[in-house]
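Trainee: Just so you know, the sequences run in chain order H and P. Quick note: the first sequence uses my numbering, first residue 1, plus one each step. Quick note: the second sequence uses my numbering, first residue 334, plus one each step.
Where hints are given, some of them may not hold.
What the hints assert, rightly or not - A short, non-exhaustive set of chain P residues, derived as facing chain H with CB atoms under 8 Å: (1) Pro604; (2) Pro660; (3) Leu670; (4) Gly679; (5) Arg682; (6) Pro695; (7) Gly702; (8) Val703.
To be verified - Far from chain P, some chain H residues (derived; all Cβ distances over 12 Å): (9) Gln135; (10) Ile155; (11) Ala184; (12) Ile196; (13) Ile209; (14) Ile221; (15) Tyr274; (16) Leu317.
By construction, these hints were calculated from the structure, which means they are not laboratory data. These figures come from a predicted structure and were not determined experimentally. All C-beta atoms in this analysis are idealised placements derived from N, C-alpha and C, irrespective of residue type, glycine included.
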Amino acid sequence: MSAAETTPQRIAGRGAAPQRSLWHVILVRPETMTLVLLVLAVILASQLSPFFLDISYILRSFTLSAEFAIVALVLTMVIIAGEIDLSPAANMALSTCLFAWAQASGVPMPIAIAIGLVAGLAMGALNAFMVIGLQLPSIIVTIGTLTLYRGLAQIIAGDKSIRMPEWFIGIDKVLVFGVPATVAIFVVVSLVLGLILAGTIFGRQIYQIGTNEVAARYAGIRTRRIKLILFLLMGLAAAIAGMLTASRLGSVRYDLGLGGELQMVLMAMLGGTYIFGGRGTILGTFLAAWLLVVVSTGMTVANLLPAIQLTVLGVLLIVAIIATNLIYSRAQR
Amino acid sequence: MKKADAVPFVSARGISKSFAGIEVLRDVDLDLAKGEIHALLGENGAGKSTFAKILAGIHLPTRGTLSLDGRTIEVSSPVAAQKLGITLIHQEPISFPDLSVAENLVLGRSEDGWFSRVPWAEMTIEAQRSMDLLGVHIDVARPMRGLSIADQQMVEIARALASDSRLIIMDEPTAPLTPREVETLFGIARRLRDEGRTIVFISHRLEEVRALCDRVTIFRDGDKVATDTIGNLSDVDIIRLMIGRPLKEYIHKHSAEIGEVALEVQGLTLPGVFHDISFSVRRGEIVGLGGLVGAGRTDVARAIFGVVPATGGVVKVDGKAVHIDEPEEAIALGIALVPEDRAAAGIFRTLPVEQNITAAVPDRIAPTGVIRRAIERSLAQDSVAKLRIRLASLNQPIGELSGGNQQKAILARWLLVDPSILILDEPTRGIDIGVKAEFYDMIGELASQGKAILLISSEMPELLALCDRVLVMAEGRLTAEIARSEASQERIMSAAVPRVEAAA
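With the hints as constraints, model all of the structure from the sequences given.
Mentor: See the structure below:
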C-alpha cells in the first residue's frame with residue numbers, strides 16, 4: 001500500500017477504478033455460494049450413507065419438490081424485477097381445485113385443463129392489477145391473495161378429496177430419457193428461462209427495473225408491461241405446477257401445496273437472488289433446488305429426524321444469505 | 334477575523350486515508366484557528382469531503398493525528414466527535430420527518446433511561462429558544478416533513494449549537510438553497526464565527542467562498558496543495574491550484590445554423606406545479622431555462638418527456654401536435670432527457686457501465702430480442718471513446734465511476750438514441766471544473782449537428798456562455814425570455830426571483 005504501488009492507478013486517472021481479478025468476478029457471482037454448498041452437501045451426504053450416490057434415488061426425491069422448483073424459477077425473475085409473489089402455492093390449490101371440480105362434474109379434460117390455466121392467469125392478473133394499477137406493495141397484496149385464493153379453494157373443494165382419473169395419475173413416474181417427467185420439465189424450463197433472463201432484452205430489462213425502476217422508466221423501458229407479464233407468467237406456472245402435483249398425488253384437496261410459497265422463496269434466496277431486486281440468476285435457483293433435495297435426502301438416508309432437518313435447512317439459508325451478502329459488500333468497497 | 338493563535342484550535346498532522354488500498358488523502362497537515370471560517374476547495378474526489386468526514390468521526394484516518402487545543406484526540410465515531418464539540422452539517426440533513434422539529438433537535442441527547450418521562454414542555458421551550466437564538470422563524474411543534482431544506486439545515490445547526498459545538502463543518506450546504514436562504518445561512522455562520530466558533534465550509538462556488546470565508550485550503554488528488562487567506566488568492570489562482578493547470582476561458586464557439594422549430598409547447602399546464610408555459614426550440618438552437626430550484630423547470634421537462642404529463646396545453650414536435658404519456662413515446666418521437674437527479678433517475682448503480690450506456694436502445698443491440706453482445710460492446714466502446722469516459726472496464730458497475738464519468742455515460746446513452754430534441758436538466762451539477770468544459774464543448778457540438786437543445790441550469794455563467802436564448806421561470810410561470818445579446822446575470826436573476834406583483 002505504498003505510494004509507489006498506487007502510482008499506476010493515479011496515472012490511469014482518478015475516475016478509473018482498478019480492474020477486478022478473475023477470481024473476484026467469479027466469487028461475487030450470486031450463485032457461487034450455492035454451488036459450493038451443493039458440492040459440500042453431496043460429499044457429506046455420500047460419506048453419511050453409501051446408498052446416497054444412487055442417482056435414480058435423488059431424481060425420485062426431486063419429484064417431491066419439482067413443482068415448487070418450477071414456480072421458483074419464475075419467482076426468481078419476479079424478485080429480480082423488485083417485486084415478490086407469495087400467492088403461487090395458494091394459486092396452485094385454487095386453480096387445481098377448479099380444474100378437478102370441472103373435470104369431476106363431467107367437463108371434458110382439455111376444457112378442464114383450460115379452465116385451470118385461465119384461473120391461474122386470472123389470479124396472476126389480479127395480483128398485477130393491485131401491484132401495478134393500484135401501486136400497492138406486492139408483499140402485502142400477495143399475502144392478501146394467498147389467503148383469499150386458499151380460502152376460495154376450500155369453498156370449492158370443501159374437506160373432500162377430488163379423485164383424478166386413473167390415466168391422469170403418475171406423471172412423476174413417466175420417464176423421459178430416464179428422468180422423471182416433472183424433473184425433465186424443471187430442467188427444460190430452467191434452460192429456457194435462463195436463456196431468456198441472461199440473453200434477451202426482456203431479461204435485461206428485468207434487471208434494470210429491479211435495480212432502479214425510476215431510471216428504467218426514464219430510459220423508455222415499459223416497466224409496467226414487463227411486471228404484468230411476470231405476474232401472468234407466475235399465475236400460469238402455478239396452475240401448471242398445481243396440475244403436475246394433482247397428477248403425482250392422484251387427488252386434489254384445498255390444502256394442495258400448503259406452505260409451498262416459503263419453499264419457493266427459500267430456493268430463490270438460497271440461489272443468491274437479492275430480495276430487493278436487481279441481482280440473481282436462474283442458475284442459482286436451479287442449483288438451490290438441487291441443494292435442498294440433496295440436503296433433505298441426505299439427512300433422510302442418514303436417519304436424521306424430520307424436526308432436525310427443518311433446523312438444518314433454516315441454518316443453511318441463513319448461512320447462504322450472510323455469505324452472499326458478505327462477499328457482495330466486500331466487492332462493493 | 335482573528336489571526337491563528339500560537340496553539341491552533343484544531344490541528345491535523347499527516348492525515349492519510351485509503352479505501353481498498355487506494356490512497357484518497359495523503360499526509361495532510363492543516364491548522365484551524367478559533368473563530369475562523371475556513372473553506373475547503375477542490376474538485377470532486379480531491380479529498381476535501383474525506384478530510385471533513387475524518388474530522389467528524391465518520392471515517393477513521395489510516396495514518397496521522399488530530400489534536401484539539403493542543404491535546405491529541407481520537408475521533409472514533411460521530412458520537413465521539415459530538416462529545417468533543419465537532420459537528421458535521423449534512424447538505425440534505427438526515428432527520429426523522431414525522432417527528433417534530435423540537436424532537437429532532439433533542440434527538441440522541443437524552444441521558445435518561447429508556448422508560449423515563451419525555452419532558453415535552455421543557456423540550457419545546459428549549460427548542461424554540463435555540464431557534465430564536467439563530468434568528469430563524471420555525472414553529473418547533475410542526476413535523477420536519479414539509480420544512481424547506483434551508484430550514485432543515487437550520488435545525489441541524491441549532492442542534493450543533495445546543496450541544497455547544499465549537500467546530501461546525503458544513504459540506505456543500507448552499508447547493509440546494511435559494512440566494513436569500515444562502516444570505517441567511519451566511520449571516521448565521523458569521524455570527525457563530527464572531528462567538529469564537531470555527532466553521533469549515535465546503536463549496537464549489539468560488540463567489541460564496543470569497544463572500545464568507547477567511548482562509549481557504551485547496552485539495553487536489555488527495556494532497557493539500559495550498560492554505561492561504563482568501564484575499565491573497567485570485568479566482569484564477571484558485572482554479573489553477575484546484576485543477577493543476579490554467580483553465581482556458583470558455584468561449585462560446587457555437588455557430589450552428591438555426592433551422593426549423595423542432596419542439597414547441599403552448600400553454601402547458603399542470604395545476605399547482607406550472608402554468609401556461611409556451612416556448613419553442615429550433616434545430617441547432619440552445620435554449621436555456623433558468624430560475625431558482627423549485628421554480629418548476631424540472632417539472633416542465635418531465636411533462637414534455639411524459640414522466641408526469643401535463644394536464645393542459647399542447648406539445649408539438651416538428652410542427653405536429655403529439656400526445657406523450659410515457660417516456661418511451663417521447664423517445665420514439667426523438668426526444669431525450671438527461672435527468673437532474675442522476676442517482677435516482679439516471680444510473681443503474683450496480684449494473685455494468687456497458688448496460689447503462691445501451692439501456693435506451695434495445696432495438697439496436699437486439700434486433701430480434703436476443704442481445705448481440707458484439708454489437709452492444711462496440712456501441713459502448715465507441716461511446717466511451719467519443720465522450721472520453723474514464724473507466725477500468727465496460728463490465729464495471731457504473732456506481733464505481735466518478736460523478737462526471739457517470740454523467741458522461743448517461744449522456745452517451747441518450748446520444749445512442751440519436752435524438753433530434755435533447756433536454757439537459759442540470760447536466761453539469763456536481764461535476765469537476767475540467768469535465769464541465771468538456772461538457773460545454775459537447776453541447777455546442779450537438780447543437781451544430783442540428784439538434785434542438787433545451788438546457789436547464791442554475792448556473793448563470795453556463796446559461797450565458799452556451800445559450801442562444803434564455804427563458805426564466807419563477808414559481809411555475811415563465812417570467813422572461815431574454816435574447817443572447819441582452820442576457821446578463823442581473824436580468825436572469827431579477828426574472829427568477831419570485832415577486833408579489835407578477836411581472837407581465
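Trainee: Give a verdict on every hint.
Mentor: Outcome of the hint check:
1. Pro604: Status violated, d = 21 Å.
2. Pro660: Check passed: Cβ of Pro660(P) comes within 5 Å of chain H, closer than 8 Å.
3. Leu670: At 7 Å from the nearest chain H Cβ, Leu670(P) passes the 8 Å test, so the hint holds.
4. Gly679: holds, 6 Å
5. Arg682: holds, 7 Å
6. Pro695: Where the cut-off is 8 Å and the nearest Cβ of chain H is about 4 Å from Pro695(P), the hint holds.
7. Gly702: holds, 5 Å
8. Val703: Nearest chain H Cβ about 5 Å off; hint holds.
9. Gln135: Gln135(H) clear of chain P: closest Cβ-Cβ about 14 Å, beyond 12 Å.
10. Ile155: Holds, since 40 Å exceeds 12 Å.
11. Ala184: holds, 25 Å
12. Ile196: The claim is violated: Ile196(H) sits with its nearest Cβ about 9 Å from chain P, within 12 Å.
13. Ile209: Given a closest Cβ separation of 9 Å, the condition is violated.
14. Ile221: It is violated; Ile221(H) is separated from chain P by about 7 Å at its closest Cβ, not greater than 12 Å.
15. Tyr274: violated, 9 Å
16. Leu317: holds, 23 Å
Checked against the numbered hints given earlier, the structure breaks hints 1, 12, 13, 14, 15 and satisfies all the rest.
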